[in-house]
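Visitor: Now for the letters of each chain:
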Amino acid sequence: MDVDLSEDQEFFRETTRKFLETEIPVENVRQLADNPAGFDRDWWRRGCEMGWTSMLVPEEHGGGSLEGEGLLDLVIVAEEMGRLITPGPLLATNVVALAVTERGTEDQKKELLPGIVSGDVLATWALNESGGRWHPESLELEARPVEGGFSLRGTKEPVEAAGHVDQILVTARTENGLTQFLVPSDADGMTITPMESLDLVRRYGSIQFDDVFVPASSVLGEVGQAEDDVERQLQVAIALQLAETVGTVDRIFEVTLEWMFDRHSFGRPLASYQALKHRFADMKLYHEANQAAATAVARAVQHHDEEASLKASSAKSYVGDHATFVLQECVQMHGGLGVTWEYDLHLYLRRATTNQVQYGTPDDHRERIAQLIGMDEESQ
Amino acid sequence: MDVDLSEDQEFFRETTRKFLETEIPVENVRQLADNPAGFDRDWWRRGCEMGWTSMLVPEEHGGGSLEGEGLLDLVIVAEEMGRLITPGPLLATNVVALAVTERGTEDQKKELLPGIVSGDVLATWALNESGGRWHPESLELEARPVEGGFSLRGTKEPVEAAGHVDQILVTARTENGLTQFLVPSDADGMTITPMESLDLVRRYGSIQFDDVFVPASSVLGEVGQAEDDVERQLQVAIALQLAETVGTVDRIFEVTLEWMFDRHSFGRPLASYQALKHRFADMKLYHEANQAAATAVARAVQHHDEEASLKASSAKSYVGDHATFVLQECVQMHGGLGVTWEYDLHLYLRRATTNQVQYGTPDDHRERIAQLIGMDEESQ
Amino acid sequence: MTESNQSMETPEEFQLRARAWLADNMPRRPEGQGHLRNFDRCRELQKLLHEGGFAGVCFPAEYGGLGLTLEHQQALDEETMSYDMPLALNIPTFGIIGATLVEFGTHEQKQRYLPPMIRGEEIWVQFLSEPSSGSDLASLTMRATRDGDSFLLNGSKIWSSGAQSADYGICVARSNWDVPKHDGITVFIVKIKQPGIVVEEIVDTFGGTEFCQEFFDDVRISMDDVVGEVDAGWTVVRGLLAHERNSMGNASPLTSGLELAPTDHVVSDIVDIARTTGMASDPKTRQLVGENYALRFVQSETTNRISSGMARGQFPPTAGALLRLMGARAAVRRSDVALAIAGSGAAAWHEGDPAGNAGSRFVGRQAAEIGGGTTEMQRNIISERMLQMPRELAADRGIPFNEVRHNAATTQKSKK
Amino acid sequence: MTESNQSMETPEEFQLRARAWLADNMPRRPEGQGHLRNFDRCRELQKLLHEGGFAGVCFPAEYGGLGLTLEHQQALDEETMSYDMPLALNIPTFGIIGATLVEFGTHEQKQRYLPPMIRGEEIWVQFLSEPSSGSDLASLTMRATRDGDSFLLNGSKIWSSGAQSADYGICVARSNWDVPKHDGITVFIVKIKQPGIVVEEIVDTFGGTEFCQEFFDDVRISMDDVVGEVDAGWTVVRGLLAHERNSMGNASPLTSGLELAPTDHVVSDIVDIARTTGMASDPKTRQLVGENYALRFVQSETTNRISSGMARGQFPPTAGALLRLMGARAAVRRSDVALAIAGSGAAAWHEGDPAGNAGSRFVGRQAAEIGGGTTEMQRNIISERMLQMPRELAADRGIPFNEVRHNAATTQKSKK
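Residue numbers (our numbering), protein chains in the order written: chain A, 1 to 380; chain B, 1 to 380; chain C, 1 to 416; chain D, 1 to 416.
Extracted from the complex, chain A is given alone in its bound form (with noise of 0.2 Å):
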């Protein structure tokens, strides 16, 4: 958590806690599990009341902040949500809250961003392609001219809540570059399979898209100019995907830390032996960095940071290791009962590993890091 939050971000988050641990509490996150989509959308309109989707959103559409820094009360639900592996597309959502805020047109914000705020239009990214491919370079899904707009043919996969959403966000190459088109989910030729997926309610979608037809008025921001809105939507869902994760490990180093004192071996508190207490220095340590680069992304990337790829690729990086590898830790601190399925230590350790391989996994935000900093231009 920041250690830099308002008075009113203190009570947003409190109230965000007590409304998530009354209306979602683990149990049901169980059950989900069984639900094609993983959350309920009436309790996500519930939510959305509580402002999960406005905040990035500006006040003539429907919008609003505690702050006037949505991002920064936004990473706060996220972050609760991971304290609870809560469903729903937050993330999804949101980002396409934000693109369409920042490059839509007039028409493109009446038309979608009050549905998005009430929580009756459910929106996605269709970013990912095959192959762990995420970075904007290497997508190859492409959008070509045709009479009144545009074609789309390739497939995009994993997508987030693809099937379970109103709305997708496609990021297309078109002959003059990037591209991005809003595009109903019934659109005519577009076939949605449901994926496997690693989290209990997270799912994922392949969606082909076989010459699918979208008009001109679809298009988001401008053709071939989409580079600079990509990086700042992947900005954004990195930080929330960061906060989400900080979330999870907040939640079960408390929970593991308990367990240390009150557990005994040979007549003594777990806690009181010094290899133990050594890696629970390390894994302090671990999760106080992780909050400190989670945070410092939210503000880079809510301010606009020039730097503001850089840092998130850094915290990327660092926390898709780190916060893995304290749950883990954790789960060893709890002996057999951290591997069995009906304690939750495992469903936290599933969204964190599923938060450390989307949008880029360590290694590729490393290599991005590289590039980033000029690795290439004077090497060649």
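Since the hints were derived computationally from the structure, they do not count as laboratory data.
No experiment lies behind these values; they were computed from the predicted model shown.
All residues carry an ideal CB built from backbone N, CA and C; glycine is no exception.
Any given hint might turn out to be false.
Incomplete in silico selection of chain D near chain A, CB under 10 Å [claimed, not checked]: (1) Thr141; (2) Pro283; (3) Arg296; (4) Arg329; (5) Gln378; (6) Ile382; (7) Met389.
Over 10 Å on every C-beta distance to chain B, these chain A residues come out as not near it, computed from the model [what the hints assert, rightly or not]: (8) Glu59; (9) His61; (10) Gly63; (11) Glu111; (12) Gly115; (13) Glu137; (14) Glu147; (15) Gly154; (16) Gly163; (17) Asp210; (18) Ala275; (19) Lys277; (20) His303; (21) Glu306.
We have chain A already, so just place chains B, C and D on it with the hints.
Guide: Okay, now just chains B, C and D, sitting in the frame of chain A:
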């Protein structure tokens, strides 16, 4: 140490250890830091009387080993030398002895082997080229056919003991493939420049070949057919290097274990602190694993195991990382003393680190394993 | 196990005979099969071996074994590597419980229990861990109450591997609460399928059910089924744990066939993921593949070194802890490597994609560091028993068990 | 340090004035300079700052400081980042010893020692560690013997950073051997250049001489130079150690200029090695470069988080241990990364090649985990004081010091 030594080998090990402890304790190694060669030729000849250069040489040329498995005897010497970070071109000279023994003409054997065995002739292998190239495929030094022989052009570096040996085995590229040459160190057109080195007594140099003429009679093995020979030499080099590295850790592990019992903190010996005990358990495991790997490679190379290269690369990459890991842990256990010049530990770390990065880094060898197990063939 | 004698078949002769018999009678090991957990199949395979005269090589002849030497067993092992062997019976049935009965059982117990074990008719399980006692096994609270000529057992056991398929169990219980923890323990032989014992499967994070929890309610045990002395069962447990370490390190002489551990498939698995994710030419991926290969090689050579050193007395029996630690750490690293190569595919995949299980392997990876004794316990054993470092303070040493501090109520988890 | 008052210059005004003055008077920070250890240069720079009215911002005005607030100090820090600052005086002179004297010194001691310290005229060193006491600082055996109105010090100190260039030292000695170790310690101010004190440089594995060992032979100290109470010096030491942790974490308000730690050059160093070894396009190398960059970012953000959290009381003062641990681990990882990229060049190189120092950096890397309190001690602090886990058993607790078990004779290493 191999857990399966014969009685003769055990005796040989003890004799070697006593010889080294008496003749060249670590204080003497420190003094040799100021010697340009890092070792004394007279001392080297006395070592040769103990068989340091005879193990890989057949009896008719003055050689001989204990059990008829010379490499398994020789790694005993290498390991003992590691325990006292002894100087001297044991690896370099023996690789040349092996190459001449296995691939030399009768004339070459007669000319070189008796001198190597007696210690009068020192030799080294010029394999490496700048930029960390050691892999046969990456070598560039060119041997161009000329009247009566070849002309060598290019640079070899780092070459162990360059400038302090009599004969240099040069691995070069001809248009027909890899070819090796035995070149006297005073050949015309060769410039040897000393390099800086991490190890206090193991010297390296850069050898520049400016159209160095070498007669056809200096070819070792067949023109263009040296690939297998180089592979074999690498295997032997790695087997000896691994044994030496294991020896460095063996000695330091002993010393540090003793330190753990002697040194008290808060009225308790360091050995009573569980956090340190658990780290020692890992160190013990890694050291046993290193020894197991090193032993297995020596046997595989001795017995011309068809997987010898794969085993050598496996052990080289594992031991490279884990030997220095254990030594660094030993430094840490010593506290401030461990990072002082006057304490010997850093001398061992210098040797083990040098071994880690010469003849391929751990990463290089992991890549090589991928090649050897056929990752390329089916993936492209 | 027995002295070699002049009339005994040599290991070489035995090996040749085994080679011929196996070729004619045993099925081949299925491709890529690491660890067979099908107990019915194992019963059949063991029966087959017994009929062929190749079961229980090192078990005493008077109790249904062949009474041959370790060299015979090793000779047989070399031959059986490519055959489908009843590996699931090795641990705990043969390697741990068989060995323990040989060491501590009465003549009558050996007569009764070893022959059917060797024939593959009776499978065993260990009832050691309890919900509230993890690494500190001796803090167990399963209650053994003397009732006339027998004992009544009450309590719960957990992490018993394969209990749902087993016939008999070795159960460790507390028979005296007024003495320090090690001094009031008794070991019992328990028939599993009887009223009063309920076996429940535990679902692990992979969705697997290797482990069970059992609930004992007034289970009556005859005095004939006490192993060792009443209240002095800790001696038996220590022996049993030593056999366990041996077995886990592939160093037990009593097993039927060798585990292919670390198995070849741990290399091919990783290569498969690399290929299907299109990463086979990615340099970092290739280094991970190389690392994984190297790890398998080193693990296997370390097993050779330690096992053969233990056999010769160059390593103490506790050296098995090194192998457990190595195996656990290697398994963990392997799951990290698989995840790194699988990347995004570990979180979302199409059915059948080999990257798909990299995620759940990673999520469940700590099982390797927990099952069979945590790596923390192995590190204690290595540092304290192999390196002779001072033991950890046991705050319960010498204190009557009923006065020792136990877990806080919140962690007293039990299923019922 | 002092209450802000109405007439005080605001931090913003102060910052603007500093900006102008610095531009006219201070030399720029030399390119790529991480940590300046030239003490003569530092004396000059500090003198310059003092003359300009920008020295000792948070030191009390009555003892030569400016008596301003932390905000003023931070405002100044922002301006001085690009100037050559007397960073070597921050630790221990200002951040540790200055802070300790402010907290524990008598009025006379502060009057005597703080003004010349702030003027850059007197540099200080800590005499804490001893050859036979490492992490267990309180087990020190430097002997302080009462002799009339003064004390005589005898013994040896070690790992004192910069003692060869310092004027005064804070020396911790044992004044009473018949009480438990913490209860017989007294802290003294010691003038270094005097007969009876011999300072010897220790050569580290890099060939550097940052640290010294000192030998005290009947060094007479007046009662005026006792800091705190006789025999109750441990209170002072604890305060001093807290100031040390703060300072190491860049969180002291008393320093002159901020360390660029983790400095930008830790990124460029690694990139340089990658370029000169021709590895800048090697994917594994690029990932290592990326990892190193990320580590610098995370380390710096962690410092921000913890420092600002400590300032607000969200973290306890012991949280400085997290920063020490982070810094040490990051330095170690960085040296590993440098080695991996340098490869063969780390073992043999041509003079001037940046790969050349990767090997010796690696060989000396543990210095980062040892200097300023080992990482083991930091982990103890984090687990025991931050997380409230039970403390390790101190076998010497409550036992008179002269009855406690100390090191075996073989490790009683001393230089003479």
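Visitor: Does each hint hold? Answer for all of them.
Guide: Taking the hints in turn, this is what the structure says about them:
no.	hint	result
1	Thr141	25 Å, violated
2	Pro283	7 Å, holds
3	Arg296	8 Å, holds
4	Arg329	8 Å, holds
5	Gln378	7 Å, holds
6	Ile382	4 Å, holds
7	Met389	4 Å, holds
8	Glu59	54 Å, holds
9	His61	50 Å, holds
10	Gly63	49 Å, holds
11	Glu111	47 Å, holds
12	Gly115	47 Å, holds
13	Glu137	22 Å, holds
14	Glu147	42 Å, holds
15	Gly154	24 Å, holds
16	Gly163	33 Å, holds
17	Asp210	30 Å, holds
18	Ala275	4 Å, violated
19	Lys277	7 Å, violated
20	His303	39 Å, holds
21	Glu306	34 Å, holds
Checked against the numbered hints given earlier, this structure breaks hints 1, 18 and 19; the rest are met.
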